[in-house]
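Q: Spelled out, the chains give:
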Amino acid sequence: MRQVWKYVLVFGIGIGLWGCEAKNPSQPSLNISKNQLVLSKFVAVGNSLTAGFQSAGMVEDFQMHSYPYLIAKQMGKGDEFQQPLIAAPGIGSTPGKTPLKFVNGNLVADDLTVDPVSLLKNALLPRPYDNLGVPGARVGDVLNTAVGSQAEGGNNPFFDIVLRNPNFGNTTQLQQAILLNPTLIILWIGNNDVLGAALAGGNLASITPQTEFASKFDQLLSELRSKTRAQIVMANIPYVTDIPFINTLDQVFRANPAIGVTDSVPVIFDQNLQPVDFSVIGSGGVFVPLVTEETNVKHLTIPALQLYLQGIGVPDSAKLVEYGFPPPIAAGMISGMKQAGLNPTGKPLPGSVTITAEEEQAIREAVDGFNNTLASLAAKYKAVLVDMNSMLTQLNTSGIDGYSGRFVLLDPANTAFSLDGVHPNNGGYAIVANKFIEAINQAFGLNIPRIDTAQFKGQYVPTASRELALIAAREVQAIFR
Amino acid sequence: MKRSAVLCLALVLLGSPAFAGGFNIYEFGGRATGMGGAVAARPWDASTLFYNPSGVAFLDGTRFYGGTTLILPTAKFVGAAPIFNNTVYSTKDAIFTPIGIYFSHKFSDALGAGISVTNPFGLGIEWTEDFPGRGISRNVLLQSFYISPVVAYKVSPNLSLGVGLDIVLSSVMLERNVYIFDSEGSPGYEVGKVNLEANSRMAMGFTLSAMYRGDRLGLGLMYRHKVNNQFKDGTADFTIFDNLSVPNVAAVAQNVLQDQKASTEIAYPNIFVAGVYYKVTPKFGVEFDYLWFGWSVFDQINLDFENDALDLTIDENYRDAWQIRIGAHYDLSERLSLRAGYIYDRTPQPIESVSPLLPDNNRNDYSFGVGYNFGKYQLDLSYMLVDAGERSTVENGVGKNPEGFNGTYSSRANLFAVSFGIQF
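Those protein sequence lines, which keep their order, are chains A and B.
Heads up, the first sequence is in numbering that gives the first Met the number 0, so the first residue is 0 and it goes up one at a time.
Heads up, the second sequence is in numbering that gives the first Met the number 0, so the first residue is 0 and it goes up one at a time.
Isolated chain B, as found in the complex:
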């Protein structure tokens, strides 16, 4: 009773930060997260609606599976000498709680269907107020909600094909400090800050998936189509600081930086997943998944203000990227299962776009978890360490950041996933 109260609370705290390469999130189940997300080839529970929707045709009865992943990210920055001294700046403490909630039902032996709510793209990085890159990004929060109805049909006893719809809503918030009168070699004069907030229009995507479920062998394929999110008529609120060292410029800034509407677009990439599962012994199974992300859709961010003079283009020029995910489970008993996983995650981000907005890097993730079932009920807990290591925008003494904001970032995150399942 108590436990489910905690869970309910967690479900209310919606939010989503960046933890797979770029700003993809893939941790939407306590079991899957324990296995490094390598679950596309086996329909373990209703979270297959996210990882490989065709798996829903193999799930018996009516099921609920849901939970959250507590993500505790940390990132640090030290600026390049000799421009900066060796002060290390940190992000503010934050907890993000993306959810994965699933409901599945088997309509006949061959036909299964379900619906899921997940937050597969997101980003949240808040630097301290004195962070020197505050003119680029001081605080960013991108959230996505995917509502995904799915139908899967078994074309043979072992092979299921699935098709799903993604109904996507996103919101974005960016806060940065505003400098005026910038010029080559100088950021200009800091006069205030701007807060941009926008909700996307409803966007649509779809998934196509297939799963082979053999006795010991499992195979899975999934394609999730890209989604282009239009953020129209967001708000840009400007705040001019008090106590400017040149006080009479405040009125000039106020005149240029009037609160107004702003729009942008953010694309989420195509994702292709292929997985192989093999049950080595009755108690022990392993899975290997390969994921490909069409991140090259994320080429630039255009911020379009009512006042065209303020329009801004941030070049991102992401490359397509891949991940490998390896997961294993060992069943200690009928009820208790241990899981572990490893992920190598290639960053899609070229060095030129490494910035306070999103300092990405190749990542090594390590996970483990436990699952316990009480008959109709299932509880899955897992931990994952996401280690993005260090990434510098300085190569051989040359700064690569186009805005001249060079330094080295390091980031890590701790993830705690909890999910609860019921088979009705």
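Okay, chain A solo, but in the shape it has when bound:
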């Protein structure tokens, strides 16, 4: 009896121990590479460039060509990638205006008669947007700004449209990106920390100080690294003086040795933005300098056109005499100018529409400083850094995919810039998207297909007449938003 109990007990304990615990299961593998997982959830954070802003405004058609959306489409995730789509006619950066249109060679902005916020199409999306680009955002805004009234550059309703606070707890662009729990973040920010200086004709005081830029950007990356699992792809900042808004009028600069002007300066030009040669005989090359408040001017910005039309910067006879033209010749020149529709006031073009060599130098140095910061932070936080600075240089020198960096009024068929002369157009954003795609493919060993940029050619129908409507340029109020 006792024997049997003993055997039963031993047997029981034996089986009990053998069966004690579930075995460690062996790990299965999915048919995807670790690198492909990077693309699981993609979020873009940035400014107007990320938002897909074009032609001084935001509208659905532009947003469907934003570089983040183009990239998401190439990843096969276009349907999932949610943006704060804005219904036609869209919101212009000038309050009460729509984005610019190119009509019969003219740049036209209509009046916006509805509340901009009412145009937000998917306002009820129950989560943050995947495109968290806010026109006008600076580095500090990404960290700190939750509502438009807090924006560093002054009240900016685009923050309210994109971030939809207080519904999301007054969260910033950075925090909303974290809330989406992404695997890939494109972060392209910092352009507005220097661009405003260029657009305002060299307002150097508006440039974010280098140390402030560096510490805010460091904080931004530190937060993203510690609070998300995402791979981070950044882009650096192009030279903000190398855009049509700044450099289109470079072609009206001439030296004029006849009157002892050896430097290239802005001179009287015609409707085709061609300098007017006042020499009556032979091929003299007599050009009449414009009157400017600042000296050593390197660029006239697009808004200078509007002032020029009013006669600001057009020398009067006194000025011409001062230049050294004999009074009778000066009088003839004045009457010629008047016949051509110019109004010689002799008033100088203000510093807000001219960029001097010193100002340009300071702006380029600021960009270089920011880009050095970005390079070292990218290394510190193991982020991928895309060189958009050299991309713009390439666009302006040799062109990219047949696109040029020239203003729409000069090269409507091939320009990569939109009507505001600051932001890319559909083709330009496709070029930007390809740069990011190349960098992502290279960094993560992926094969996201490139975009065929040729499909976006012809966004602006070139007009038969090359006549430039100067009045149209009045509408180019391209505040970089």
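Please note that a few of the clues may not be correct.
[What the hints assert, rightly or not] In silico BS3-like links for lysine-lysine, alpha-carbon gap of 30 Å or less:
#1 LYS22(A) to LYS153(B)
#2 LYS399(B) to LYS76(A)
#3 LYS225(B) to LYS153(B)
#4 LYS22(A) to LYS225(B)
#5 LYS33(A) to LYS399(B)
These are computed hints drawn from the structure, not numbers from a lab.
Starting from the known structure of chain A, fit chain B onto it as the hints suggest.
A: Quick look at chain B alone, frame taken from chain A:
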């Protein structure tokens, strides 16, 4: 005296985890469990009230039989590469104690009756707090109580027909972590957890059964009708975590995730049992049972919150399933009997619904046990190993989990059943 004190304690610790396919439990007697549950064709003791109620007409006198089964489940999970590293997550240690308590009385030679209390459906799986599937299920506990009065009548000396009523009460608890702002490719942001608790309204089922008791041959048939359990006005308690990495979203979450009422329904399936017993020698008998479960009633779980935006449907899409149970006993003496059993249990669960809530699989169960009687008293002890092996939601490199939570589960359980009988 001491032994019965332990037993009484065990009876207080009510609870029930999942151990047959799906979330059925079938271990409600020390003797039956030792024989792999293959007892539908023979009325061994008052636990026939559960296994085949018509058998009660063959039991003499007045009887009590009762006990518990200590169930020690273990389950593990490893997530699929490359999403997860090869960390193995385990469930927390737990002991569940479903009871089987029976009381039978013979009113005449032909008429017997009885009442039983059992917990035939149940589920209990608690993962650790860091378990990556905590957003699907972190802790689940389903319990059922069947109070089943039964009447059986012998239409001939060898054939009894039985009919019984099942009065069913259930309770369910589910705790999961809550993520907000989810989107394709991302679970969203983890803000807290929700605890759902509900008791069912009383539900009714019934059993129909028949047993042939020959000298050496026994036959049994039983049908247990499905029960639909309505869990109305349960509570959903939300807890928002402190120290969120985006602290100002806590108020937003609090606003959406307010404590509220929640309701659901869970159906228990039809069960059909057919068994054949044969006494090969006077000391040695074997039984073979076939069980069919109408698990297709368990097609989805709908969690219905007061705030409709939180409503949730979990597709289960179970298929009908079957088991075979083989049991044997060998009587060493008048008093001492040895038992053993084997069960093959087909899972009703399609691969798509394998999840942390209930990772089921085909099971192989092995049991043995001993019984000892002291005249009027009977003591039955048994052990069963339930081995569900490994089941992966990854097939040929493709993840089948609709929520993208893929990996391989393994589970096993150790069961120790003890029952005590008295014939008055």
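Q: Compare the structure with each hint and give your call.
A: How the hints compare with the structure:
Distance hint between LYS22(A) and LYS153(B) is unfulfilled; the C-alpha atoms sit about 49 Å from each other, more than 30 Å. A distance of roughly 20 Å separates the Cα atoms of LYS399(B) and LYS76(A); the hinted pair therefore holds under the 30 Å criterion. For the suggested pair LYS225(B) and LYS153(B), the alpha carbons sit about 26 Å apart, so the restraint of at most 30 Å is met. About 34 Å separates the Cα atoms of LYS22(A) and LYS225(B), which puts this hinted pair outside 30 Å; it is violated.
Our distance criterion of 30 Å between C-alpha atoms is met by LYS33(A) and LYS399(B), whose separation comes to about 18 Å.
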